[in-house]
Amino acid sequence: MPLDAFEARLTFIEYLRRLNASIQSATKCAQFALRYQDLSEDLYSCILEELDKTSLNARINILYFLETLCENSIRTGFEDYVDMVTRDLSEILDKVVPPAQGALANVALARKALDNLKRKSIITSENYESAEAMLSEREKLVSQEEFQMKKELPSFSKEEILRRMEEDRERHKRMRENIWVIPPGDAMQIEFENAWETTSSLDEDDYDMMREENAILEQASR
Amino acid sequence: MSAHASTTPRSGSPASNPQGPLPAIIQLSRPYLTPNQILALERQVADTNGSRDQQLKFQAFSIILATGSYLRFPIRTMGTAMIIFQRFYLFNSMQDFPSTLDTALACLFVASKTEDTLKKLKEILVASYYIKHPGGPDISMDSPVIEDQRRRLISLERHVLETISFDFRVKHPQPYIVKFAKRLRCPVSMAETAWQIALDSYRTILPLKSTPHAIALGCLYIAACLLEVDISVIKPEQFCVPLREFENVVLEMLEFYIDWLPQTTLFARYTDPATFMSMRIDLNKRLGKYIEQRAPGTHLQLRDYAMSDKGTVRYVLNWERERIERESY
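So the sequence lines, in the order shown, correspond to chains A and B.
Sequential numbering from 1 applies to the first sequence in my numbering.
Sequential numbering from 1 applies to the second sequence in my numbering.
The hints are simulated quantities; they were obtained by calculation from the structure and are not laboratory data.
Hints may be right or wrong, so weigh each one.
Away from chain B, derived, C-beta distances all over 12 Å, residues of chain A [unchecked claim]:
hint	residue
1	A5
2	S40
3	E91
4	L104
5	N127
6	S136
7	K140
8	S143
9	L162
10	E166
11	P183
12	A187
13	T198
14	R222
Straight-line distance between alpha carbons at most 25 Å, and here's what the computed DSS-like set of lysine-lysine pairs gives [to be verified]:
hint	chain 1	residue 1	chain 2	residue 2
15	A	K120	B	K122
16	B	K57	B	K113
17	B	K182	A	K28
18	B	K182	B	K235
19	B	K171	B	K120
20	A	K120	A	K158
21	B	K235	B	K285
22	A	K173	B	K122
23	A	K53	A	K158
24	B	K113	A	K173
25	A	K28	B	K171
26	A	K28	A	K53
27	A	K120	B	K120
28	B	K132	B	K171
29	A	K28	B	K122
30	A	K120	B	K113
31	A	K112	B	K120
32	B	K182	A	K173
Beta carbons are placed, not taken as given, at the ideal position from N, Cα and C, and that holds for glycine.
Can you build the whole structure from these sequences, using the hints too?
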């Protein structure tokens with residue numbers, strides 16, 4: 001049912017604020033964005049606004065949500081979100097790893113997310129290179145003394161720390177579950193080329209395995 | 001991979017064995033079956049409608065491949081699912097398990113676990129839903145339709161696991177295709193064609209009868225014939241494939257292409273079954289009239305799926321292990 005832009009923005013922002021590391025929250029949010037794709041410009045702007053406003057932890061969740069959003073977009077054939085994310089990639093990373101205190105905590109995860117985007121062919125190698133360069137620069141900046149967390153200044157609350165640890169653990173688990181995934185494109189082609197490049201040459205171990213397999217086959221006749 | 005071993009009550013009274021009564025039934029896993037065993041099993045299934053059953057199986061393969069492709073599984077996951085599926089309907093009748101769609105998805109689920117490409121069952125079900133209803137209404141993993149299907153499949157999964165005797169050792173031809181092709185210095189196009197033929201091999205009963213390296217070599221041979229690459233260099237014995245095994249693989253694949261070409265991946269490039277018929281003629285000419293028979297093997301029966309209600313069942317991967325363990329009591 002059609003929503004007006006105002007309602008849609010409000011609802012979408014709610015979804016964004018409820019994002020955590022789980023794939024369900026990301027999928028719900030992505031499905032909403034795709035259902036109201038004629039409001040894509042509006043909804044997308046909400047993302048950028050939230051990135052400015054929320055905590056460092058929440059920004060990481062949004063970054064990972066963008067990965068889900070792009071994947072689902074490609075799958076349904078509505079590529080506008082992918083174009084917008086690609087175009088604003090540096091700006092997004094700038095917000096996820098801002099030149100501010102404590103931002104160092106987000107660097108590693110931001111880099112992983114960037115890697116995922118390249119591996120899944122959501123962004124091109126070119127986009128990846130320039131975004132990576134910008135990220136490395138920012139990393140050098142926020143590693144410096146003045147950007148480290150200081151005792152006197154307000155830092156992450158205990159609750160936030162624990163939640164972040166949980167979410168990192170969740171992301172890690174998710175990543176291990178996805179490491180085998182065949183990237184988009186002609187799967188047979190991709191797998192064959194990968195196998196052609198990475199399979200080791202025929203060696204004595206292979207012969208041992210083949211002989212063993214022959215022995216197992218021979219047992220069937222008994 | 002399963003057969004009934006004898007229903008031998010084990011020795012050792014409860015008094016002498018502190019672990020309690022020993023298992024009453026042993027089921028031995030059989031990674032490979034002989035052609036006779038397969039024929040005998042097929043005959044035991046009552047009231048089969050041969051061509052209808054074959055169509056159902058092909059449909060199931062399409063579902064496995066489409067769903068697997070949607071989920072971006074590597075080919076080995078789909079291959080394992082197809083192998084498990086065929087084994088399932090060798091040892092269980094379609095009368096008892098009429099929903100080949102459900103079985104296909106259950107096999108895909110088991111395969112995703114054994115091949116380390118884990119996906120939640122609900123994700124697999126959602127994927128198969130989207131394939132059946134492209135552009136249909138969004139469905140989420142919490143929907144009651146999915147929940148229902150999941151419950152059915154979880155109980156079906158048990159039957160699948162028992163049928164394969166919990167033996168998760170499945171080897172695939174793909175690595176051998178690459179290794180052999182490089183050793184033979186084949187052109188890449190030939191290896192790639194062989195890779196496609198290997199995909200088709202999963203639609204046959206070959207993986208239950210022949211070793212993966214034998215299948216790989218057979219695929220390379222057919223690819224060589226199709227691309228008119230000199231095949232005289234292929235000496236099966238040098239690749240640990242007995243000549244007879246090699247011939248069986250090639251002949252069976254050629255039969256398959258002759259009978260079912262439109263259902264195969266090669267159909268996109270080779271639409272005339274005559275291509276494969278002449279290959280078969282050539283090969284038979286070279287082999288001559290003598291075809292060595294394979295030993296028939298022990299007689300196997302359909303699975304008794306109420307077995308685990310009658311007593312403890314012990315699934316054994318091979319007799320060696322069982323003997324060693326028994327001696328330690």
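Hints, verified against the model:
1. A5: holds (21 Å)
2. S40: With a cut-off of 12 Å, A:S40 remains clear of chain B, as the shortest Cβ separation is near 17 Å.
3. E91: Its Cβ never comes within 12 Å of chain B, the nearest being 30 Å, so this holds.
4. L104: The assertion about A:L104 holds, with a minimum of 33 Å to chain B.
5. N127: holds (22 Å)
6. S136: holds (30 Å)
7. K140: Non-interface label stands for A:K140: nearest chain B Cβ at 36 Å, farther than 12 Å.
8. S143: Its Cβ never comes within 12 Å of chain B, the nearest being 36 Å, so this holds.
9. L162: Holds, since 26 Å exceeds 12 Å.
10. E166: holds (19 Å)
11. P183: Non-interface label fails for A:P183: nearest chain B Cβ at 8 Å, not farther than 12 Å.
12. A187: Its Cβ does come within 12 Å of chain B, the nearest being 6 Å, so this is violated.
13. T198: With a cut-off of 12 Å, A:T198 comes too close to chain B, as the shortest Cβ separation is near 9 Å.
14. R222: Per Cβ check, A:R222 is inside 12 Å of chain B; nearest 7 Å; violated.
15. A:K120 x B:K122: holds (23 Å)
16. B:K57 x B:K113: This hinted pair holds, its Cα atoms lying about 22 Å apart.
17. B:K182 x A:K28: violated (47 Å)
18. B:K182 x B:K235: holds (15 Å)
19. B:K171 x B:K120: holds (23 Å)
20. A:K120 x A:K158: Violated. A:K120 to A:K158 sits at ~35 Å, over the 25 Å cutoff.
21. B:K235 x B:K285: OK: B:K235 and B:K285 at ~17 Å, within 25 Å.
22. A:K173 x B:K122: holds (18 Å)
23. A:K53 x A:K158: holds (20 Å)
24. B:K113 x A:K173: holds (16 Å)
25. A:K28 x B:K171: violated (38 Å)
26. A:K28 x A:K53: Satisfied, since the Cα-Cα distance of roughly 22 Å is no more than 25 Å.
27. A:K120 x B:K120: Within the cut-off at roughly 20 Å; holds.
28. B:K132 x B:K171: violated (30 Å)
29. A:K28 x B:K122: It holds: about 16 Å lies between the C-alpha atoms, which stays within 25 Å.
30. A:K120 x B:K113: holds (23 Å)
31. A:K112 x B:K120: Judged against 25 Å, a Cα distance of about 23 Å means the pair holds.
32. B:K182 x A:K173: Given that 25 Å is the threshold and the Cα spacing comes to 37 Å, the pair is violated.
Consistency with the previously given hints fails for numbers 11, 12, 13, 14, 17, 20, 25, 28, 32, ordered from lowest to highest.
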